[in-house]
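Enquirer: Spelled out from the first residue to the last, the chains are:
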Amino acid sequence: QVQLQESGPGLVKPSQTLSLTCSVSGGSISSGSYYWTWIRQPAGKGLEWIGRIYTSGSTNYNPSLKSRVTTSVDTSKNQFSLKLTSVTAADTAMYYCARLVAAGLYFDYWGLGTLVTVSS
Amino acid sequence: QSALTQPASVSGSPGQSITISCTGTSSDVGGYDYVSWYQQHPGKAPKVMIYEVTDRPSGVSNRFSGSKSGNTASLTISGLQAEDEADYYCSSYISNNTLYVFGTGTKVTVL
Chain C
37 QVQLQESGPG LVKPSQTLSL TCSVSGGSIS SGSYYWTWIR QPAGKGLEWI GRIYTSGSTN
97 YNPSLKSRVT TSVDTSKNQF SLKLTSVTAA DTAMYYCARL VAAGLYFDYW GLGTLVTVSS
Chain Z
12 QSALTQPASV SGSPGQSITI SCTGTSSDVG GYDYVSWYQQ HPGKAPKVMI YEVTDRPSGV
72 SNRFSGSKSG NTASLTISGL QAEDEADYYC SSYISNNTLY VFGTGTKVTV L
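Sequences listed follow chains C and Z, in order. For the first sequence, position 83 (counting from the first letter as 1) is numbered 119 according to our numbering, and the numbering increases by one without interruption. For the second sequence, position 106 (counting from the first letter as 1) is numbered 117 according to our numbering, and the numbering increases by one without interruption.
These are calculated hints, taken from the structure and not from any lab test. Don't take each hint at face value.
With a cut-off of at most 16 angstroms between alpha-carbon atoms, the simulated EDC-like pairs for lysine to aspartate or glutamate come out as follows [as the list claims (entries may be wrong)]:
id: 1; chain 1: Z; residue 1: K118; chain 2: Z; residue 2: E96
id: 2; chain 1: Z; residue 1: K55; chain 2: Z; residue 2: E96
id: 3; chain 1: C; residue 1: K81; chain 2: Z; residue 2: D98
id: 4; chain 1: Z; residue 1: K58; chain 2: C; residue 2: D127
Residues from chain C that face chain Z, not an exhaustive set, calculated with beta carbons under 8 angstroms [claimed, not checked]:
id: 5; residue: G82
id: 6; residue: W85
id: 7; residue: S94
id: 8; residue: N98
id: 9; residue: P99
id: 10; residue: L101
id: 11; residue: Y132
id: 12; residue: G140
id: 13; residue: Y142
This structure is a prediction, so every number in the text was calculated from the model and none was measured. For glycine and all other residues, C-beta sits at the position ideal for the given N, C-alpha and C.
Starting from the given sequences, assemble the full structure and let the hints guide the process.
Expert: Now the structure itself:
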C-alpha cells in the first residue's frame, strides 16, 4: 500500500520561503509510471494544483505560481520537496502531496495534508 | 485558468440517485478523456472515485459512475447513502501550461 506523508513547518512568516517534504513509502519514487505532485486547499475553498515532478527531475508548474515554485526529488530517500518563495497570507492553506498516474492523469494516492499558515 | 464549474450543492434522500455536473471547455473536459472525480470528507484528504471519465478504481462502490457529453462531465451516485455526504471535486487535464484544473466543488447532502 502506497503512503505519502507531508512534513515541514506549520508557520511561515510573510516574505519568507515555505518548504515541505513528501515521504513516499510502499512504492518507489523512481517508477516511471507516475508524477509526484503538490496540491493546496485554502480553508473552506477548492483545490489548486501547484506542480508536478517526474523521477528524472523534469518539472511543470501552475503558471499562477511558477515564478515562486521549485520542486525537487531525492530518489535515495524516496522523497520529493516543494519550495514556495515570497509567501503571503494568500498562501495559507492545507498542502497535499499526491501521486499522479501518468497514463490516466489522475491523482491516485494522497498524503494526509499539512496546514501551513503564513503569519508574522 | 478558471476552475471547472460545478453546482455548489446537491442533495438527495437515502436510496435516491443524484448527479453532479462539471462544465469546462473544449480545451479541458471536452477535449480529453482525462476527467477524474474526488470525494473529500471534512478534515480528510481527497479520494479518487472515478478516473478517465468512466473508470472506477478498485474498492470504489459501483454506485458511483461517470460520464461525459461535450464540455460537461457528470458524476452519478445511485442508492445514496449517509456515508456519501461529502464534498466532490472534478478535475481535468487542460491543454495549456496549467496542465490540470479542478472544479469549484459540490457539497452533497444526504437528507
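Enquirer: Taking the closest Cβ pair, is Y142 of chain C under 8 angstroms from chain Z?
Expert: holds, 4 angstroms
Enquirer: Given W85 of chain C as an interface hint, is its Cβ closer than 8 angstroms to any Cβ of chain Z?
Expert: Holds, about 4 angstroms.
Enquirer: Holds or violated: is the Cβ of P99 of chain C closer than 8 angstroms to a Cβ in chain Z?
Expert: OK, holds: P99 of chain C within 8 angstroms of chain Z, min 5 angstroms.
Enquirer: For the pair supplied as a hint, K81 of chain C and D98 of chain Z, confirm whether the alpha-carbon distance does not exceed 16 angstroms.
Expert: Between K81 of chain C and D98 of chain Z the Cα gap is close to 11 angstroms, so the pair holds against 16 angstroms.
Enquirer: Does E96 of chain Z lie within 16 angstroms of K118 of chain Z when you go C-alpha to C-alpha?
Expert: OK: K118 of chain Z and E96 of chain Z at ~8 angstroms, within 16 angstroms.
Enquirer: When you check the alpha-carbon spacing of K55 of chain Z and E96 of chain Z, does it fall within 16 angstroms?
Expert: holds, 13 angstroms
Enquirer: Holds or violated: is the Cβ of G82 of chain C closer than 8 angstroms to a Cβ in chain Z?
Expert: For G82 of chain C, the interface hint holds, since the closest Cβ of chain Z sits about 5 angstroms away, which is under 8 angstroms.
Enquirer: Verify the interface restraint on L101 of chain C: the C-beta must sit less than 8 angstroms from at least one C-beta of chain Z.
Expert: For L101 of chain C, the interface hint is violated, since the closest Cβ of chain Z sits about 10 angstroms away, which is over 8 angstroms.
Enquirer: For the pair supplied as a hint, K58 of chain Z and D127 of chain C, confirm whether the alpha-carbon distance does not exceed 16 angstroms.
Expert: violated, 23 angstroms
Enquirer: Could you check if S94 of chain C really has its C-beta closer than 8 angstroms to a C-beta on chain Z?
Expert: violated, 13 angstroms
Enquirer: For the hint on Y132 of chain C, does the least C-beta distance to chain Z fall short of 8 angstroms?
Expert: holds, 6 angstroms
Enquirer: Classify the hint on G140 of chain C as holds or violated, based on whether any CB of chain Z lies nearer than 8 angstroms to its CB.
Expert: holds, 5 angstroms
This entry does not satisfy hints 4, 7 and 10, going by the numbered hints stated previously.
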